[in-house]
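Here the protein sequences come in this chain order: F and U.
Numbering-wise (my numbering), the first sequence opens with residue 57 and increments by one.
Numbering-wise (my numbering), the second sequence opens with residue 152 and increments by one.
Calculated from the structure, these hints are not laboratory results.
Any given hint might turn out to be false.
Said to hold, decoys possible - Cut-off 27 Å, straight-line C-alpha distance, at most; resulting in silico cross-link-like pairs (DSSO-like, lysine-lysine):
id : chain 1 : residue 1 : chain 2 : residue 2
1  : F       : Lys231    : F       : Lys316
2  : U       : Lys490    : F       : Lys106
3  : F       : Lys220    : F       : Lys106
4  : F       : Lys316    : U       : Lys194
5  : U       : Lys436    : F       : Lys168
Owing to the predicted nature of the structure, the values given are computational and were not obtained by experimental measurement.
Okay, here's what each chain looks like letter by letter:
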Amino acid sequence: MKRLLLTVLLASLALPAHAEMSAREIVQAVNDRDDGDNRIADMSMLLIDKHGNERRRAMRSFDKDKGEDKQRIMFFLEPADVAGTGFLTYDYDDPTLDDDQWLYLPALRKVKRIASSDKSGSFMGSDFNYSDMTRRNIDAYDFTLQKTLEVHGAAVWLIEAVPKSREEIEETGYKKSLLFVRQDNFIVTRAIHWSAEGGRLKYFDVPGLEQIDGVWTITRMSMTTKQGKSTLHRTELNFDNIRYNQALDEAMFTTRRLEKGL
Amino acid sequence: MRAALLLLIASGAQAADENIDLLLEGFDEPAVAESVAPTEPPKPYTLGGSAAFGLGYTLGHPVVPGDNAPHDVHGLSRARIKINLDLEGRFGDGWRGKLAGNAAYNGAYSDAYTTEFIDAYESEAELGEAWISGSLHPSVDIKLGRQIVVWGRSDSLRVTDVINPLDSREPGMVDIEDLRLPVAMAKIDAYVGEWGLSLMAIPEIRLNKSPVYGSEFYPAPVPMPDTTPASGGENTEYAAALKGEFSGWDISLYRASFLDDTAPHERRQMSGVAANWVSGNWLLKMEAARIDNRDDVLIGAEYSGLRETTLALEMVERDGTQRQMALRYSGEFLHARLKPTVLVGLFDFGIDNGGFARLAADYELADGLGLSGGVMSYWDGNGTTRWGESDRLFAELKYSF
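The whole structure should be built from the sequences, with the hints applied where relevant.
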């Protein structure tokens with residue numbers, strides 16, 4: 057009886073009245089939400105160091121779903137010394153399969169395959185890890201619903217995600233995450249990640265969110281790396297000219313195309 | 152008891168809320184992304200390139216032949232300005248073209264050098280890649296003109312990569328983008344599923360840019376005459392490649408008929424195979440080639456499981472006797488602003504036959520502006536090389552536009 061009372065009490069304190077879904081179900085809904093298909097977007101990346109010095113990157117990306125798998129090809133447009141660099145990835149839904157990744161470096165005139173198991177590395181020098189840019193295996197996590205909050209004027213669930221294994225921590229670079237999931241559209245609108253090394257926190261934020269062609273779409277997002285209250289580095293990503301349902305055939309997502317360029 | 156429990160739970164919840172509030176303060180950074188200009192659509196023509204100023208300083212005292220007398224080349228070995236220009240065009244329906252060229256002047260050389268050396272090293276201006284390409288069919292591409300085709304899977308050693316000659320005048324010191332010399336060819340690529348077939352006819356005969364008489368890397372005590380065979384006609388080279396790409400692995404089969412780079416430039420027949428396998432953080436690679444009656448085999452591995460670091464080892468055995476090994480470290484730090492590399496090359500599976508080590512770092516000063524520098528160390532083997540005095544420091548400031 058006491059245990060039952062305690063459980064009810066804890067639940068009533070921790071959860072909002074309308075939280076019928078479990079944390080696992082919410083994260084599953086995040087993974088399952090319609091994120092569009094056959095997408096083209098221009099991407100501007102701003103890298104800001106702790107002294108406020110800025111570096112810029114510009115890219116064009118093409119995304120396509122192939123069944124449950126996702127394919128993406130991305131070309132660097134700026135700055136000049138990396139223009140022409142291309143990146144192709146096949147992100148498999150099956151967590152037992154390693155993603156296929158290739159890089160084209162114009163200086164080498166060569167498409168090079170990349171071993172991709174470790175996704176804890178920086179994505180193109182930014183504060184985002186490769187694991188932030190691909191889907192995670194939600195079976196590898198324990199999720200706990202913490203509370204509800206309001207973020208950017210919208211109600212969110214606050215969910216704690218803890219990797220079940222050391223391998224997952226090493227692969228993603230994070231030992232724990234807090235996810236802020238919007239209740240109306242299942243977008244992760246904020247997140248705090250505990251880096252596995254260095255005692256750093258990484259703050260993910262989505263200040264730009266729009267419905268484009270009926271798809272909730274992130275148009276601006278940032279990741280800030282902090283140690284204590286000090287900002288070490290920050291990356292802002294802007295997406296422009298986002299278009300869905302474009303005529304992207306499979307030939308677009310090949311090393312042939314990677315080599316030919318944009 | 153119940154009241155105490157409620158108090159405990161309430162205070163715990165309050166503490167958790169305070170922790171959350173503290174954490175939320177981390178989202179206080181003001182966004183500046185409004186200042187990021189939207190990406191412009193690709194233009195039909197783009198002119199790009201780079202301008203670089205490089206310095207080199209020889210630490211040892213190598214003595215080389217001169218026009219008048221042998222001389223010590225200790226000291227400044229490079230004070231070079233280099234300009235690269237690339238014009239790229241798009242002509243609709245996927246057709247595109249490229250015209251590239253470069254010019255360089257190195258003011259570090261005195262009159263003590265040989266005429267051959269000054270002619271080859273002091274100044275040069277040459278046409279680089281110059282091609283047009285397009286699709287004849289959704290599955291068939293054609294590319295005509297001076298171009299670079301890289302075969303094989305290795306990054307530091309060559310087994311099947313026989314299409315383009317190399318600039319090897321200063322071992323380990325040539326910029327990677329200038330290492331392969333483009334040659335004129337007609338190339339057709341056809342694709343079916345995971346497979347791609349390439350056919351090439353290469354009329355332009357171009358030899359490696361090798362060290363010349365008067366260089367510390369020139370192997371002979373006297374100049375050795377050599378002439379480049381005529382291009383075209385019966386000297387035309389032919390090549391074919393079949394490549395299959397699959398999840399986690401790929402394979403290429405090669406066949407080439409080409410003129411040997413070394414005199415008397417006899418025609419060689421090469422059949423080869425190259426493959427990659429990916430397993431976790433490991434990329435495994437192999438190449439094998441039969442060139443006339445000689446068999447060359449390469450194996451290699453890359454490991455990228457360490458943070459921002461890639462380690463690579465490649466080993467090759469040529470004709471069952473000659474061996475080479477390359478060990479490469481490359482890293483990315485400060486959000487890819489600092490990129491250190493270490494390359495160790497050995498002319499055997501040990502250090503007895505000589506080799507070199509190159510420690511370098513690239514630093515991005517600003518968008519498109521990079522500073523690089525490092526040290527190159529050579530060591531002699533058992534009489535096979537005599538470049539142990541040629542260690543040098545180098546630095547370069549490069550602006551890309």
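Status of each hint after checking the structure:
For the hint linking Lys231(F) to Lys316(F), the alpha-carbon distance of about 40 Å lies beyond 27 Å, and the restraint is violated. Of the pairs offered as hints, the one joining Lys490(U) and Lys106(F) holds, with about 19 Å between alpha carbons and a cut-off of 27 Å not exceeded. Under the criterion of a C-alpha separation no larger than 27 Å, the hint pairing Lys220(F) with Lys106(F) is inconsistent with the structure, at around 33 Å. The hinted pair formed by Lys316(F) and Lys194(U) meets the criterion: a straight-line CA distance of about 16 Å does not exceed 27 Å.
With a C-alpha separation of about 11 Å, the suggested pairing of Lys436(U) with Lys168(F) holds against the 27 Å cut-off.
Violated hints, listed in ascending order, are 1, 3; each of the other numbered hints is respected by the structure.
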